[in-house]
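There are 2 protein chains.
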Amino acid sequence: MNKSGENVIQSVCRAIQIIRCFEKNEELGVTEISKIAGLHKSTAFGLISTLEANKLIEKNELTGKYRLGLELFRLGTKVNSALRHIAVPYLEQLVKMYQETANLVVMDDLSIIYLEKVESTQSMRISTLVGGRLPLYCTAVGKAILANLPPEELNSKLKRMEFRKYTGNTVSDRNSLMESLELTRNRGYAEDNEELEIGLSCIAAPIYNHFNIPFAAISLSGPTFRMDEVFRKEASVTLMNYTGEISMKLGYDNNNQ
Amino acid sequence: MNKSGENVIQSVCRAIQIIRCFEKNEELGVTEISKIAGLHKSTAFGLISTLEANKLIEKNELTGKYRLGLELFRLGTKVNSALRHIAVPYLEQLVKMYQETANLVVMDDLSIIYLEKVESTQSMRISTLVGGRLPLYCTAVGKAILANLPPEELNSKLKRMEFRKYTGNTVSDRNSLMESLELTRNRGYAEDNEELEIGLSCIAAPIYNHFNIPFAAISLSGPTFRMDEVFRKEASVTLMNYTGEISMKLGYDNNNQ
DNA sequence: GAATATTGTTCTGCATTATAGTACGTTATG
DNA sequence: CATAACGTACTATAATGCAGAACAATATTC
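Going down the list, the protein sequences come from chains A and B.
In terms of our numbering, the first sequence opens at residue 1 and continues consecutively.
In terms of our numbering, the second sequence opens at residue 1 and continues consecutively.
Treat each hint with caution, since some may be false.
[Claimed, not checked] Covered stretches of chain A (chain B as the covering partner; in silico rule of three or more C-beta atoms under 8 Å from a C-beta of chain B): (1) 105–117; (2) 139–152; (3) 171–178; (4) 200–208.
[Stated by the list, open to error] EDC-like cross-link-like pairs, simulated, lysine to aspartate or glutamate; straight-line CA separation at most 20 Å: (5) K78/B with E58/A; (6) K78/B with D228/A; (7) K78/A with E58/B; (8) K78/B with E27/A.
These aren't lab readings, by the way, just hints derived from the structure by calculation.
Quick reminder that beta carbons are idealized off the backbone N, C-alpha and C, glycines included.
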């Protein structure tokens, strides 16, 4: 038993902690790592050697420093592979139909994480970062999920949310978010009208799990001037059809709506 | 010190071993994991709880089983991020120019691993798997790297290679591979002419590190009938220009060739 | 629906194992 | 050239991870 009350294994936590050091630094030496992680140099060395033996980190022979290893990448690609394999063909279809970038995200507590994207080939396009994290309240995908969450779950999240005004359009308090979600529910799909970034608009629809609870979403994002009312109306129909099919393929048998 | 002679930390290795269990199974329970990993149930439970607390695995509340977690995905996206960020715009440019799927791979011992792809929007196209692993000798990217390796390093790999004949065109012994690499060197770029799969052809060029040693490559792959001699000649020039630029941006100052 | 089997989880004492300290060789740095 | 910083190896000790048992919760069988 450790301080935090959880019964976790120290050396494993420390190893993960070391991997996390590389989020902010591409390459690190033993001493650097030990300082960042607050570990004794020799302790860090043992953990580093273990991670290296398992290829989760690798040594740059030129600099003598360490960086994240290919095995970590490979293992990462196995996460949520069912969802991703099912969804990607739909994303590709969306790009083909609408020439805008399509995304697949999953919810993680108060954020969404980008799992997959298929980029538009247009030169002026939106470039999201796979693996990136954004707040639920200022993205179309986030609102698509929030709007369809069971009330208790939504409330629990609302309580813990901290709002930040990215643009003039960002919903920045609980009440306006609730209104926006109400609108989303009625409309069937979610919109982000320059709420994260000026010039960027999105539409999104949620993907449901076996409990009929949304946990993921797909979206189309592009420059606002191309995402007009007509476009959004039309594209959102496709989006909702696709999320329906994806939900179904995941094993969710939708009997409502 | 453990049996294998390496001074590695048992619990960390076991934790990684548990993560690896999920490569072949999307979801697993505690007992299943403990059996696969050959660990005592309670030992596995402790490790699992630790991984769960760190979000490297997560519990499916419906089934009560575990699966790989989003944190693992996120960390995986940080691997080789410099190379990937530099290379992706070039891949996109290639797709735009040639309407074929473009790939970025890195070498890992005797294999290449797909790091990034940008898919062609054509309906008949080649779909590689990011995170996937293929042998060096039967891929254009692999041969692009092998052909430009220092002789000692090439030899050390050749000795350990085991050949498998995927198609009638697969080079399946050391000598024919050596010939193929000689041709690749003279030509400047590598070809895969249905050596992995009938109907699939590729061209590739290597990316060099600071030592002037190739460690990665980019490629264009498509159906053979579209990848004719003229196309390959022309596209390969672009490919080589791009790999030159990528190598340069990585800090490699090329003074030869 | 009762009985049984299987699985997930908690607890505890013991022995193993991870740890920190020291020390040494090697590479940067001034 | 001297000195500092760094990576790596060794060792003793004490903390930690581990297996076993026992319990709780869920599935399965009849």
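Here's how the hints hold up against the structure:
Counting residues of the region 105–117 of chain A whose C-beta sits closer than 8 Å to any C-beta of chain B gives 4, which meets the bar of three, so the coverage hint holds. Check on the region 139–152 of chain A: 0 of its residues sit with their Cβ under 8 Å from a Cβ of chain B, so the three-residue criterion for coverage is violated. Coverage of the region 171–178 of chain A by chain B is violated in this model, with 0 residues showing a Cβ closer than 8 Å to a Cβ of that chain against a need of three. Remark: the region 200–208 of chain A is not confirmed as covered by chain B, as 0 of its residues place a Cβ nearer than 8 Å to a Cβ of that chain, below the required three.
Proposed proximity of K78/B and E58/A is supported: the alpha carbons are some 13 Å apart, at most 20 Å. The suggested pairing of K78/B with D228/A is violated, with an alpha-carbon distance near 35 Å, which exceeds 20 Å. Taken as a hint, the K78/A and E58/B pair is honoured in the structure, with Cα atoms around 13 Å apart against an allowance of 20 Å. The suggested pairing of K78/B with E27/A holds, with an alpha-carbon distance near 12 Å, which does not exceed 20 Å.
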